[in-house]
Amino acid sequence: MAILPILEFPDPRLRTRAKPVQKVDGRISKLVDDMLETMYEAPGIGLAATQVNVHERVIVIDVTESKDAPHVFINPSLSLSGNILETEEGCLSVPGFYEPVTRHEFVRVDALDASGNAFSLEAEGLLSICIQHECDHLEGKLFVDYLSGLKRTRIKKKLVKLQKQSA
Amino acid sequence: MSARNERARAAQFLAQIAKSPNRTIDWYLSNKHLTAFESELLHGVLRHYFMLSQRVNVLLEKPLREKDLDVFHLMLVGAYQLDKLRIPAHAAVDESVQAVMSLRKPWAKGLINAVMRKLANREPIVATEQSFEAPQWLGESVFEQFSNGLEILNSLTQRPPMCLRVNSMKGTPEQYTAKLDADCQPLWHPETLLLHAPVPQLHLPGYAEGLVSVQDAAGQWAAHLLDVPLGGTFLDACAAPGGKLFHVLEQHPSARATAVEISERRATVLDEQALRLGHNQRFTLHIGDATSQSWWDGALFDAILLDAPCTGTGTLRRNPDIKLHRSHEDIAQLTSLQSQLLANLWPMLKAGGSLLYCTCSILRQENDDIIELFLKDADDAQLVPLHLPTGQPTRHGWQLLPTDLRTDGFYYAKLVKAQPENHGP
Chain A
1 MAILPILEFP DPRLRTRAKP VQKVDGRISK LVDDMLETMY EAPGIGLAAT
51 QVNVHERVIV IDVTESKDAP HVFINPSLSL SGNILETEEG CLSVPGFYEP
101 VTRHEFVRVD ALDASGNAFS LEAEGLLSIC IQHECDHLEG KLFVDYLSGL
151 KRTRIKKKLV KLQKQSA
Chain B
1 MSARNERARA AQFLAQIAKS PNRTIDWYLS NKHLTAFESE LLHGVLRHYF
51 MLSQRVNVLL EKPLREKDLD VFHLMLVGAY QLDKLRIPAH AAVDESVQAV
101 MSLRKPWAKG LINAVMRKLA NREPIVATEQ SFEAPQWLGE SVFEQFSNGL
151 EILNSLTQRP PMCLRVNSMK GTPEQYTAKL DADCQPLWHP ETLLLHAPVP
201 QLHLPGYAEG LVSVQDAAGQ WAAHLLDVPL GGTFLDACAA PGGKLFHVLE
251 QHPSARATAV EISERRATVL DEQALRLGHN QRFTLHIGDA TSQSWWDGAL
301 FDAILLDAPC TGTGTLRRNP DIKLHRSHED IAQLTSLQSQ LLANLWPMLK
351 AGGSLLYCTC SILRQENDDI IELFLKDADD AQLVPLHLPT GQPTRHGWQL
401 LPTDLRTDGF YYAKLVKAQP ENHGP
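Chains as they are written, first to last, in my numbering: chain A, 1 to 167; chain B, 1 to 425.
Some hints could be false.
Restraint ranges, calculated between C-beta atoms of paired labels, are given here [unchecked claim]: (1) B:Q281 with A:R15: 29 to 35 Å; (2) B:A182 with A:Y146: 37 to 43 Å; (3) B:L202 with A:K67: 25 to 31 Å; (4) A:E105 with B:V126: 44 to 50 Å; (5) A:N53 with B:Q136: 26 to 32 Å.
Now the stretches of chain A that chain B is said to cover, found in silico as 3 or more residues with beta-carbon under 8 Å [what the hints assert, rightly or not]: (6) 82-90; (7) 106-117; (8) 130-140.
For the record, the hints were derived by calculation from the structure and aren't laboratory data.
Where a beta carbon is used, it is the ideal one built from N, C-alpha and C, also for glycine.
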C-alpha cells in the first residue's frame, strides 16, 4: 500500500471526467487499497480517484470516527431523493475550507464493490452527502463550484498562495 | 471529502466571539451547524475563559497578533481539553497541531506544539479571590455583595441544569413523565421537571405539538408569584421569547394577557412558540417600547410582570459569552432602562394589583437598588415579602443563586399598589 499525492484546487486535472472501470482486477484493488490508506492518513472521510490523478470511476468512503467501516464504490450511479439539506462541506483537494452546500437528503447508489460484485445501497445523513460529493469529483466537479464566484475566487487565491509557499 | 476540523472551527468562532460583541453563542448555534463537540468546546472554553487565558498567556513570550487570535483560541481549546475533558496529553497535542494546519497556519505548528506540551506538564490554575473566572468588573461586584463570592463565580462555570415546563393545557405532568424517556423529577412545582441529564430539545417527545417547553426552574417562579385574579388581566412588558407569559396563561386559564416586545425579530419567535403551545388566541401582542405608553389603550391591568432586560449574570452557565461581551458601562445603561420601565408601567396597574419585578441578574444594582430607588418616589407602592425555598432574602426581594446548581441566578421583588384612601361620607 502507498499514500498517493492528492491534487489541490485549482489544479486543472481535477476537472477531468473519469472513465468507467472496464474490469475490476488487481490494478483496481491496489488502487482501492492505496486510496483508502491515503484517505485515512489525510485524514478524510471520502476520496475519489480523480483526486489522486487516476481518472477512473472509483470512490472510497468511511464516515465513522472509528475508521472501521470503509465503503468502496466502483462505477457508481446515483438516484437522489428527499429534501434539500444544507451542511458544511470540506474537501481534501480544497484543504482548510468549509462552506455550506445543499444536497439531497437521501441517495441510492448502484455500484460494484472491490471484488467487482454489483450491489446497491441507500444512504442518508453524512454518508449520503459524502457519496454525492465524491461522485461530483468523477464528473470533474468540486464543492466550491456551488459557492458564489466571489467566495470561490477568494479560496482559489488563498490556496495558490499557500501552494507557492510550500512549493 | 474532509470532515471539518471541529477544534479549528471552535477556535475560529471563539476568536470571533472575543472580537465582536454581537457574535453570541446563540448566533453560532442557529447559523453555523455546530456539532455537539463544537458546541461543547465553545461553551466550555467561554465558561473557563479567564483561567484558560491566564494559563496560556504565561507561556507566550509575546501576545499573538490580532489576526492570529484563532491560534490563541486554539490554545484555549487545547487547554480546556487537557484541564476539563481530561483528554490524554499526547492526543490533545496531536489534535491541536492538526487543527492549526486546518486553520491554514502551518507557521504556528511549532508554537502550538511547544505551548501544548508545556500546558500538559503544568497543573491547571485554581480560581482565587484575586484571580477568578470573570471579568474584573463582575468579580468586584460579586465579592462586594456576597460573602461567598468565589463560590458563586465558580458555580457559574458549571454545566447548566435543564428544566422543562409541562404545558398544563395539553396534559398533566404525570402523563408527560410517562412519555419522556429520561430521568427527571418535579422541582418545587408539579409542572417543573428537572432533567437528570440534558436532552436535545428536538428529542423531547411532543415538543413540536407543544406538550412541553424548556425553561429554567428559576424563571418558573414568575407564574407562581404573579397574582392574577380569576378572569383577570395581566401585562407582560418585555415578553419575548414568551416562556413566562405562556406559563402564566397555563396556570390561569381564565386570564387575558397583553404582551409587549420591542424587537420585531424576537416577537416572531414569541409568536411561533405561542402557536406551538396553542396559546396564540389568548393574548394581544404589541411590538412596542415598554418605556412608552404609545401601545397602551388605557385599561388598567390586574397584574404586571416586568422581566427587565439585564446583564444576564445569573445565566452565565448558559450564556458564558456574556463574560466577554458585557462591560461595566452596560450596568449603568441597563439600570437606567430598568428604572424607566418600572416608573412607566406602574401607572398602568389597578389599585390593589401587584407588579412582579424580575431579572436574571445576581447584581444588586439591577435588583434591590432599582426597587429602592422606585420606592422613594412611589407613595402608593408597598413591598410584599417573598419567601422561596432556595436562594436568599434581600432587603426588598428574593435572590435565587446559581450556587443551587438546579437553577440560574434570578431576582424577584413584588410590589402591590395601595387602594386609594376613602374620603367618602
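Status of the hints after comparison with the structure:
no., hint, verdict
1, B:Q281 with A:R15: 29 to 35 Å, "violated, 59 Å"
2, B:A182 with A:Y146: 37 to 43 Å, "holds, 39 Å"
3, B:L202 with A:K67: 25 to 31 Å, "holds, 29 Å"
4, A:E105 with B:V126: 44 to 50 Å, "holds, 48 Å"
5, A:N53 with B:Q136: 26 to 32 Å, "violated, 57 Å"
6, 82-90, "holds (count 5)"
7, 106-117, "violated (count 0)"
8, 130-140, "holds (count 3)"
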